[in-house]
Amino acid sequence: MFRFASAARLAAPARGARTTLNNHAAASAGLVGTSSNLTASTASPCTSATTATPTRNFSSITARGPYSTAPLRTARTTAPILPGRIHALPPAVVQVGSYRFQSTVTNADAAPAQPFVPLAKRVLVVGSGGLSIGQAGEFDYSGSQAIKALKEEGVETILVNPNIATVQTDEQLADKVYFLPVTPEYVTQIIEKERPDGILLNFGGQTALNCGIALDQMGVLEKYKVKVLGTPISTLITSEDRDLFAKALQEINIPIAKSVAVETVDEALAAAADIHYPVIVRSAFALGGLGSGFAANPEELAALATKSLALSPQILVERSMKGWKEVEYEVVRDAHDNCITVCNMENLDPLGVHTGDSIVVAPSQTLSDEEYHMLRAAAIKIIRHLGVVGECNVQYALNPDSLEYAVIEVNARLSRSSALASKATGYPLAFVAAKIGLGQTLPEIKNAVTKSTTACFEPSLDYVVTKIPRWDLSKFAHVDRKVGSQMKSVGEVMAIGRTFEESFQKAIRQVDPSFRGFEPPTDEEKHLSREELDVALRNPTDQRLQHWAQAVDEGMSADQIHDITKIDKWFLYKFENMTQTRKTLQSHTLESADKAALLAAKQAGFSDTQIAAALKPSADGKKAGALAVRAKRVGLGITPWVKRIDTLAGEFPTSTNYLYMTYHGAAHDVKFDDNGTMVLGSGVYRIGSSVEFDWCGVSAIRELRDLGRKTIMVNYNPETVSTDFDEADRLYFEELSLERVLDIYEAEQSEGVVVSVGGQLPQNMALPLQKQGCKVLGTNPEDIDRAEDRAQFSAILDKIGVHQPQWQALTTVDEALAFADRVGYPVLVRPSYVLSGAAMRVATSPEELKAFLALATDVSPDHPVVVTEFVTGANEIDVDGVAVSGQLIAEAVSEHVEPAGVHSGDASLVLPAPDLPEETRQAVRAVAAQVAKALNITGPFNMQILEKPGHPLRVIECNLRASRSFPFISKVLGENLIRTATRAMAVPDAVHAPIDLQASKKRPYVAVKAPQFSWTRIAGADPVLSVEMSSTGEVACFGKTLHEAFLTSLEAVNGFKVPEPGMAVLVERAAGVTDEMLATVSKAVIRAGHPIVAADATTAAAITAATKQPVSVLARSPQWLAQVEGGEPLDSVRAAAKADFGDAKVALVLALAVERALAPNDPAYAVRRLAVDLGVPMLTDARGAALFADALAIRREALRAGKPIGPVDSKGQPMGEIVSWNEWIAATSEKVV
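Using numbering that gives the first Met the number 0, you'd call the opening residue of the sequence shown number 0 and step up by one each time.
Keep in mind that the hints were calculated from the coordinates and are not lab data.
Backbone N, C-alpha and C fix where the C-beta goes; we use that ideal spot for every residue, glycine too.
Just to be clear, a hint being listed does not mean it is correct.
[To be verified] Have a look at the derived ranges for each label pair, beta carbon to beta carbon:
1. 1109 / 528: 55 to 61 Å
2. 705 / 913: 52 to 58 Å
3. 865 / 265: 21 to 27 Å
4. 1130 / 265: 15 to 21 Å
5. 1062 / 553: 53 to 59 Å
6. 1229 / 811: 45 to 51 Å
7. 1062 / 1096: 46 to 52 Å
[Unchecked claim] As a list, the in silico DSSO-like pairs of lysine-lysine whose alpha-carbon atoms are at most 30 Å apart:
8. 1082 / 222
9. 481 / 445
10. 1137 / 1210
11. 1082 / 1001
12. 798 / 192
13. 947 / 1082
14. 631 / 573
15. 849 / 947
16. 1082 / 1056
17. 568 / 622
18. 670 / 631
19. 932 / 798
20. 670 / 525
21. 932 / 192
22. 450 / 246
23. 709 / 445
24. 147 / 594
25. 246 / 257
26. 615 / 481
27. 175 / 120
28. 321 / 525
29. 445 / 120
30. 222 / 1144
31. 224 / 150
32. 481 / 1210
33. 849 / 192
34. 481 / 565
35. 565 / 594
36. 594 / 615
37. 770 / 622
38. 147 / 246
39. 1000 / 947
40. 1056 / 1210
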């Protein structure tokens, strides 16, 4: 029996797979026949190395973009024959309809399929560590899919990743998990202990890649015979080293921007003189454009190169192509040279804005067929020449006025764009890349999403996807809000529609629920004059969407805006369409708006809220609300259609569960007959809501499925595991808005909705959903509202006799001063609106209180200021628990390292807390039980409590939802409390009896969760721990003692490096740091074996007085600190500071502070910010700094005593213990009562 093989590659056809050649492959893909070639298009099976000349092109029926008119490819005729495989017979001519084309034909009966034998049986997967700007949750998604792919092939997996909030570190995935630093030293020890025969480096971002390259250069991989699976190390180095990369592309005549790799500022200036200004600087071995920027003259270049070379040993000075189009291709290649392009994407922003900060559209909307195929062919040529095995991202600059192009960079690994492409197309890139790494070929891998095609089939799209980044720059004072070549966004959203307008407006709302869509700013203070608008259009910021909308709204033409912004006019015309639709609505009342007007608005992506805001008031003067608009459109039969993301543009039958809603359609793609349970996801990652809530959502989905429930996930974040194809029974890539959740709830006839595992965004919908007749599972939304309302919650605490700090909502400055006088300073101040984004502050005197209130735009009955008693010297305790009908079932009590006043998201959490007395812990449990009963909690909750010796426990707040610490406490205690909470909400009777998790077990370990910051990305931000959260991620490590766990967790923070013995520590203090704090930290540093230097004579004298040790002052710091105080920018003193740090051998900065600086000319702020900009590790909290120095001293003293705590690295320095999470949990024993 003969079967048609789907692969064009002769060497490795699919094992026994029957693949038919069909009208899609022929007509839509453009298959044609020649005498010796199988030729296939982009929507067809794999391409191989030889190019055939197409005799006919066909246009795919897609939303936009020539996805099905690829250059025709054929197999190499000299391919090697692999033993034990099905081999291709001579090609046969096949007739399909009116199209003739060649196909390879396999004799399946002649060569029975052999079992696949992976290249490795025991694989170490290297994770990415804590989430940071430029390296976020996309690596949890990719790593999770990689581990699933390995397990499917029977491969034993070992994972090293200290990011305890991730799904990939769950017990169900990897066989062993190490919560240890992703550094060459620690990974070497894991390799020595576990002896893997393979390692995957492509799924952990830049952190894993840099670690792997270092391991190879150290000879570790060769010593232990560890194979690098997938793309070889040599290719990774070539793609990362800017000089090698440029030479490699020149070898195959692929154009790149004229550039020179340099290692000094003088070399950079010389290179720019040759290239001519303007130039762009890029850093080697860096992520997210770190250290990059544009320079228009030598002065700008010198400042930029100084900063960049502090972060990377090599930089590239290259010709600037600012204003060109930026285009990306995601390409996959296996070891047998089968190669496909999975997705192409176009940046709406022209070159000059980092792709991570750009608005991205897939498929490309403005490229011609010629441009599309030219870049596609180049991408395939590049990936083959470099020898990539797996997935690769190629970024181009394309001249909008010609066919001139240049390659910007190649990421020879899974990336942020890979996650977006995977979710946009339905093609499981990470899963496929992992299988390729094991040795499988694309034709042999089944597409796990479609279940009807192989992985050697390029997706075709009949919809438009829009990605918009999310920034949180408003949280920081003194910050530069311009967007450019260095990435600053903390997350991204992905929206799907049948038109650009529909997709684009969805995405805008997903980024921030306060945005209604493409509209100018509604706040008059954000409305710009024409002169200000011109400046804003030329210098894009994180607010550019509103600036574009204002420009169109005020009548600027597409030509005018294009001349300023260089945005393609196609997009600008779409902006005009949306603006015109809104202005048409403004001529109607709700009563006069007919079906045609409302349907046109919905098809253009307008929400009910947006329509209501645009409509005129009715005759009685009342404005229609969103629910009234909803009622009218539903009455007119205007409801959304549910469509599938099937990767095949509907041309093959598939059973995918990727869904979206659109107003362009005539029928649903799915049937609604199973009454599923909805789980609302966390939405976009942002400061305060990140991967930990995705872990919560995935845990809830998995528990519901284990309970036999059909599950429906609603989320729009492409970086998440919850939006993977194999988690929920149905996934809606949709808005988390009341309108859209109601649409899904009603269409699915859902039996209930879970709002308490996705953070604050879904929690805010609890009461509105209930009012619309939805069944909200868990705590009654009215009780949620009582806990959220400050006054009601305060009254409940008073009623049950639980203490709280005194507080009051005040409407005048005089009232605020009077309250502060009554309770005593310091006080915590939270104005309703503050300029510069500083939402909360601690005032220590009337002068500070008045100065801070002066920043508020208004203090009035409409804008009250909440002033709260600030308890000094207190410790903060977190309680995460689960209750059923008001009864406490389980809880975890963890303690902060830092004192109260540091936001819980930025604090280091300790569990079990060895310094917390048992009677205090029991008292905390009692308070939690009281509050749970008073609020009748069913499901997860979190409380923060203040503890101060001699004072009663005081409750700060209570959230009736999962918190960001649930993954940490669940993995430390060995019980998934979100699964317990989900069971409580879905089947309350099935929940186990109340248990004291901490008292019932004896644990020979302590775990510490440490924050991961991204200060290097947020130019100008003050890097101080305060009451406002700033961290972007977290890591956690275990140890036998608090000191050991804390030190190892700091080592696991990306960018933090323990100073080597003899290196200097710069100790500096800001206002509010006492002599006692300074003395404690300084003594600990000296004990750890480090000399201390200071930036000013006053601090140096205070340290000398406390320690009796001489402390020197940096040679140039008095001068550059005086310059900063005089108002000079930090850029002007950075070179002097770098020279000071280098001369003094400063390897760590302990810049002690209790509050952020009010002004950028504060000397203490200058020291902190310069340390960040120069890439020097830094701690700012006195308790944390002292604990770190003590821990380092203990570890080194143990080594000197001949009893090291852990192994010793290649430099002779002591390390933490190499113990897996599985081993720590296995060492837990039942307590004997």
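Structure-based check of each hint:
1. Separation of residue 1109 from residue 528 is about 58 Å and conforms to the stated range, judged on CB atoms against 55 to 61 Å.
2. A beta carbon spacing of about 35 Å between residue 705 and residue 913 contradicts the range 52 to 58 Å that was offered as a hint.
3. Between residue 865 and residue 265 the beta carbon distance is about 55 Å. The supplied range of 21 to 27 Å is therefore violated.
4. Taking the beta carbon of each, residue 1130 and residue 265 are about 18 Å apart, inside 15 to 21 Å as hinted.
5. Checking the proposed 53 to 59 Å range against residue 1062 and residue 553 shows it holds: the Cβ atoms sit about 57 Å from each other.
6. Range check, residue 1229 to residue 811: about 59 Å between beta-carbon atoms, so the 45 to 51 Å window is missed.
7. Judged by the Cβ atoms, the range 46 to 52 Å given for residue 1062 and residue 1096 is violated: they are separated by roughly 22 Å.
8. At most 30 Å may separate the alpha-carbon atoms for a hinted pair to count; residue 1082 and residue 222 exceed this at roughly 42 Å.
9. Between residue 481 and residue 445 the alpha-carbon distance is near 44 Å, which puts this suggested pair outside the 30 Å criterion.
10. About 25 Å separates the Cα atoms of residue 1137 and residue 1210, which keeps this hinted pair within 30 Å; it holds.
11. A C-alpha spacing of about 34 Å is found between residue 1082 and residue 1001, which places the hinted pair above 30 Å, so the restraint is violated.
12. About 57 Å separates the Cα atoms of residue 798 and residue 192, which puts this hinted pair outside 30 Å; it is violated.
13. Taking the CA atoms of residue 947 and residue 1082, the gap is near 25 Å; set against the 30 Å cutoff, the hint holds.
14. Our distance criterion of 30 Å between C-alpha atoms is met by residue 631 and residue 573, whose separation comes to about 27 Å.
15. This hinted pair checks out: residue 849 and residue 947 have alpha carbons roughly 28 Å apart, not beyond 30 Å.
16. Distance restraint check for residue 1082 and residue 1056: the Cα-Cα separation of roughly 20 Å lies within the 30 Å cut-off, and the hinted pair is therefore satisfied.
17. For the hint linking residue 568 to residue 622, the alpha-carbon distance of about 35 Å lies beyond 30 Å, and the restraint is violated.
18. Taken as a hint, the residue 670 and residue 631 pair is honoured in the structure, with Cα atoms around 25 Å apart against an allowance of 30 Å.
19. For the suggested pair residue 932 and residue 798, the alpha carbons sit about 12 Å apart, so the restraint of at most 30 Å is met.
20. Taking the CA atoms of residue 670 and residue 525, the gap is about 46 Å. The hint is violated against a cut of 30 Å.
21. Of the pairs offered as hints, the one joining residue 932 and residue 192 is violated, with about 49 Å between alpha carbons and a cut-off of 30 Å exceeded.
22. For the suggested pair residue 450 and residue 246, the alpha carbons sit about 41 Å apart, so the restraint of at most 30 Å is broken.
23. Distance hint between residue 709 and residue 445 is fulfilled; the C-alpha atoms sit about 25 Å from each other, no more than 30 Å.
24. Taking the CA atoms of residue 147 and residue 594, the gap is near 48 Å; set against the 30 Å cutoff, the hint is violated.
25. Between the alpha carbons of residue 246 and residue 257 the distance comes to roughly 11 Å, so the proposed pair stays at or under 30 Å and holds.
26. Proposed proximity of residue 615 and residue 481 is contradicted: the alpha carbons are some 36 Å apart, above 30 Å.
27. Of the supplied pair hints, the one linking residue 175 and residue 120 holds, its CA atoms being roughly 14 Å apart against a limit of 30 Å.
28. Between the alpha carbons of residue 321 and residue 525 the distance comes to roughly 27 Å, so the proposed pair stays at or under 30 Å and holds.
29. Using a Cα cut-off of 30 Å, the hinted pair residue 445 and residue 120 holds, with the two alpha carbons roughly 21 Å apart.
30. A distance of roughly 34 Å separates the Cα atoms of residue 222 and residue 1144; the hinted pair therefore is violated under the 30 Å criterion.
31. With a CA separation close to 22 Å, the supplied pair residue 224 and residue 150 stays within the 30 Å bound.
32. In summary, the hint linking residue 481 to residue 1210 is not supported, as the alpha carbons are separated by about 42 Å, beyond the 30 Å threshold.
33. A C-alpha spacing of about 60 Å is found between residue 849 and residue 192, which places the hinted pair above 30 Å, so the restraint is violated.
34. For the suggested pair residue 481 and residue 565, the alpha carbons sit about 17 Å apart, so the restraint of at most 30 Å is met.
35. This hinted pair does not check out: residue 565 and residue 594 have alpha carbons roughly 37 Å apart, beyond 30 Å.
36. Proximity of residue 594 to residue 615 is assessed by CA-CA distance (about 17 Å); at most 30 Å being required, the pair is judged to hold.
37. Our distance criterion of 30 Å between C-alpha atoms is met by residue 770 and residue 622, whose separation comes to about 21 Å.
38. Between residue 147 and residue 246 the alpha-carbon distance is near 37 Å, which puts this suggested pair outside the 30 Å criterion.
39. As the CA atoms of residue 1000 and residue 947 are separated by approximately 27 Å, the hinted pair is consistent with the 30 Å bound.
40. As the CA atoms of residue 1056 and residue 1210 are separated by approximately 14 Å, the hinted pair is consistent with the 30 Å bound.
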